[in-house]
Amino acid sequence: MFKEGLGETSKFSEYHPTVNLIYFVFVIGITMFATSPAFLAVTFFCAWFYSVLLRGYKAIKMNIVFMLPIFAVMVFVNTFFNHNGETILFYLNRAPITKEALVFGMAAAIVLTSVIIWFMCFNVIMSADKFIYLFGRTAPILGLLLSMTFRFIKLLKVRFREISDGQKCLGKEGSRKILSRIRQLLKEVSILISWSLEASIETADSMEARGYGLKGRTFFHIYKFTGRDLQMMILILISGGISAAGCIMKEMTMYYYPVLDFPEESWLTAVMLTFYGILLLLPAISDIYGELKWERLNSEM
Amino acid sequence: MGTVEFRNVSFKYPLSEKEALKEVSLKIDASEFVVVCGKSGCGKTTLLRQLKKNLMPYGRLEGEVLYDGENPSDTDDRKNAAEIGFVRQDPDNQIVTDKVWHELAFGLESLGLDNSTIKRRVAETASFFDIQTWFRKNTDELSGGQKQMVNLASVMVMQPKLLILDEPTAQLDPIAASEFLRTIHRINREIGTTVILSEHRLEEAFVMADRVVVMEEGKILCDDVPTKVGTYLSGDPRNDMFLGLPSVMKIFNEIEPSGESPLTMREGRIWLESFLKDRVIPERMKKELPPEIRRQEQAKDRRESRKDEQGAGKDKNDEQGAGKDKNDEQGTGKDTDKSKKHGLYTIEAKDLWFRYSKKEQDVLRGTNLRVPKGQWLSILGGNGTGKSTLLKALCGVIKPSRGNVKTGGRISMLPQDPRTLFTEITAEEELQEALSDKKESDKEKAEKTEKMICLMELQEIRKMHPYDLSGGEQQRLALGKVLLTEPSIILLDEPTKGLDAFFKRTLAEIFMKLTEEGMTIVMVSHDMEFCAEYSYCCAMFFDGEVVSADVPEDFFSGNNFYTTVSNRIAGKWFPKAVTYQEVAGCVKAMM
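Chains A and B, in that order, are what the protein sequence lines are. When the letters of the first sequence are read in order and numbered with my numbering, they come out as residues -15 to 285. When the letters of the second sequence are read in order and numbered with my numbering, they come out as residues 21 to 611.
Pulled out of the complex, with its shape left as it was, chain B reads as follows:
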């Protein structure tokens, strides 16, 4: 029970020229765990939705979709509702009622079970998902991770045979996301529910999956056990999806383009151990990376040259207190000791204190931050430490109770949810709206809009409604809108949330382009891999303060727990290598 089969399925949305699915054939056995991955818009969602009666997209379907040997649209409503569970991306929108317990009971109420049966099922489900401590809470008091857990539990309470998850962790922070994925794994292993999961966060999903299906433009590119998928994607020419692979696989495939790759970090370490057994690692490699693989070499050069022009940089006499040195400098001072003048930072926040209400604790406790022009600073840190609050204080949405913020230029912030900015009916008008209160001629405005469309690569979607865009496209549109207000500093709150690995790179390229033009970027993120790979400087936010700041290779190599996967695998041999390219480069240099 719980088997799925697609036989030569093709699907076309009305009014669309392209086929969303092209001759997809796929067979999933009972109790299998299948991960479906691919770039945004590759047809993952369209594929998954074919199985759930009320979510089937409207359009022309060819071929056969079978659930338990029968077409889902012919199954009994009751059976389809109970046996196929579907969890989607947005945690908030899927919750119907105001209480956690009521939400859990919702599906069973629909099936018409009596009170005592519902009570028993709800009780066992709540215990399995560890919900009992917040069972009586209001659904709006929960964190995003808890909300998504409620959504999962309220589907599982109906005891489905097949569980379909469409990017369920896209809106969650990494800690909540890995907890969520672990729970799904547990469901599959302990209860035997068939799981189909579409996911961008492959680092963890790969380890759990029995099979991985990679999709590209509506077609199935490969369908194999996880260890072999990496080999396939790293073939020549390298597939875009390669970027999304777990770090272990990326490192492995950079070095050994064939063979079965290790999956977990532990396996990766064992493999490296045996690989490097007979080789002596030169001392120099422990202190710095070999020059030929130093990442962002160019970007860094550009940054430094600009700094020299503008005379920004470290001022040794300008410290507000001993030990604050690094905090203040944000790592840019490392490579220059020229004495510089005052006031060359675009952001200077001094001694910020803030709390949300009288009874709560301070979120910001004497935070100091200085960011020079053209910097791209990533602020990392645990959940609920106040990173977002810091951004709000910097752009003036909240007023700190003590301390002040000086900014050298217009400051804009891209909120976490891009939908809070959308007012118009097409992407193009959306951008024009940002210019509505500027005193410029229409021609100038049109030119600016056009430039922005090119910069953000929105040409193909300019006439589409903002709500019809995918997460990544919405993010780009919102960023374009924010940029049109012509800020010189831009603050970003979790800009990589829910984006696929390929688009993350595009986004990073946009950011680099902007910093070259003199824009300053301050970004708050949980995405260590992204920060390590692209940003110029990383800082840790803890207990209301910025506690350490450095260039990524030094920032992460100094950390034991809080570091990238690549660094955790290879840190023992190459402490300065924090991205997969660096680790692979180091290993190659040894060969």
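So that you can see chain A by itself, here it is in the shape it has in the complex:
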């Protein structure tokens, strides 16, 4: 079950879109500001863990592909172009290269990759439908517009394929010369545009025929906010709220300049770290629990 990743079958994605959205607002928001090493480590680890859970082995490859260049660039740029910090390692062309700049580069790279990996998870969980729902709640037209856009993009792809097959049927597209290939491509695009414009007139007719433009449009959705959603919401709000408070109170912050100032270990930090950990692992726990339960029910049958 974990080889391919849970993808859209994830239990967490079955929660109400508002729950999903609030969760990611908390996680990504806090991840961006939590700079102290323990918090960095926790979010980095959890992001990796959840992304692999959701997307399977593919995620490992993708994460590394994103991570390596970010690490390389950020560490390099910060070390060689930022000369803050007091612990000088060596001089390069009379410019001081400091330990603080090097460490800060690494920390910033970890923050950035964590945020990116969390966004990848966000992408899996927040399907187009959920987006449309969230927008539609605020403004019905916006929701409809998004829904139509998603349809239109797919329609364009299908049509372009049909056009290019049609042109191949005519025996065009045979030439290898770049110029004639470009000309052929432009022709296909122009067919696509005129076809789509023509089609959208009919779509507009069909919308109007079904009362589009009447006053007082509502927005229909198929999501229910249930007790389960409420439970999860409360869990997220408690753990997220406490973590956010800690973030605002600078419990999660570390100063890198002028010298590395490791935060003192206190019981408050430990509490914050625990709640932050809970927040980050909530979806993974609910997914794994759901998966195990399913296996159990299945084997009983």
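These are calculated hints, taken from the structure and not from any lab test. Heads up, a few of these hints could be off.
What the hints assert, rightly or not - Example chain A residues on the side facing chain B (calculated, C-beta under 10 Å, incomplete):
no.: 1; residue: Leu130
no.: 2; residue: Glu146
no.: 3; residue: Ser148
Backbone N, C-alpha and C fix where the C-beta goes; we use that ideal spot for every residue, glycine too.
For chain A, the structure is supplied; the task is to place chain B on it using the hints.
Frame of chain A, contents of chain B only:
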């Protein structure tokens, strides 16, 4: 509620000299099922559009149009949107949103209903239309038939009193089309919605209709119960629309030019039974048709003589395996046993294998096909069996994973949707564009274009924009464009989709002319009536292979389920008669 009345309605489009509607008077009662038929461009669409506020064509209207006793353009927007449902031809263009459930809710959202009301209405509608299993799907994953069903359901969810359908099945395959028509019938019978349906596929629509309105050049030609319409159209001189009648009616009216015709196949069989009761059918009639009515006699003669000239035909020693004989020969070998040389087929496909992606099943499984020059081969078969894939493999749009295709000459394909070919702003320029990369003088090109315009009978529409043409005209223009690339083999994917019966005959005549000039035609179609009547050879595609191929009368008479309506009606008495003329001819020969 849901009554419609046209009182002396005439309509003229701006810049047009002809009137699109001429003094049309028509009254439709509540809960009636009325079928409007007529050749393409006879004014059906113009008539239907008068009732829907936002679709009313722009032009000069005389007379009165009344919906529930009131002019539709004066009705309240909300009422007009909810009470009059309109479904059009193209399944894709009418869908607005990306999800089936959202599409169903669209109209109710516009009316401003709250979530729980919408949910209830959507739920009951989805159940009625049997949509629940694909309720959460994306609209682009659906088949054409499903898309059109969604369009119908998303109109019906608003609980209209009047349902107007403008050639709703033109883009569907026959199975999806008859399911769609059955659903409309159910709506009319069970819910009592008034239905006005314009349709080319009359075989099924006639059985359902309370009344049939036949239109010609903007006028109402006749307006009567279905059983009498046939009699009217078969009068002398025979109306062009006669070709579009259900086979039962055509057979009946060929034999008995007056009286009420049977409507369903069952009624037809009962009528024939009583008609032939006391007559003994000679054994000879069971084996072959009487010589005087053998169809395409001339065409066949021409074909055979050409075959002799070119020496193409059957080569008994050339089989790739026992039992493949018929597959390979495509039926042309039946009538000649002269030993012929190799390489006389214009298409030779050997052992083709293909699948679209690794995880899917093979669509082509060792397909073999050989087609001699000048052949017109129709490939029939169920939906999604891979017929279109076979055509794509033949013309090289897809590369088979195994096997190869040898073709003797340039090969071109007419895609299902002619719009994929149109780039220019007039029909004439469209044809010239096909010649754009040829190294010929402008004069030669102009001559060729002119010849093509004559061949395809495009003279009257040469200056029109391709998108303004009707379906049949677009088809002709696209065919002309394909032919200008000078292929010696032409592949056609469902060329009769959405065409009226009269134009189908014109198309068949064009094809015959082309094969006489040595062109080879391979066509994929669901339209059994068309294939049986006109093509030279029919083949069945099943499970990735061409499983049987024969001349139409032998091909269809060997089938029990998969055969023409005429053959199903009269197969018991005249197994070799597959078209309505043949059945009627056989019966006449008995008299």
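Hints, one by one, checked against the model:
With 10 Å as the threshold, the beta carbon of leucine 130/A comes within range of chain B, its nearest partner Cβ sitting at about 9 Å, so the hint holds. For glutamate 146/A, the interface hint holds, the least distance from its beta-carbon to any beta-carbon of chain B being 5 Å, beneath 10 Å. Hint status for serine 148/A relative to chain B: holds, with the closest Cβ pair at about 9 Å, below 10 Å.
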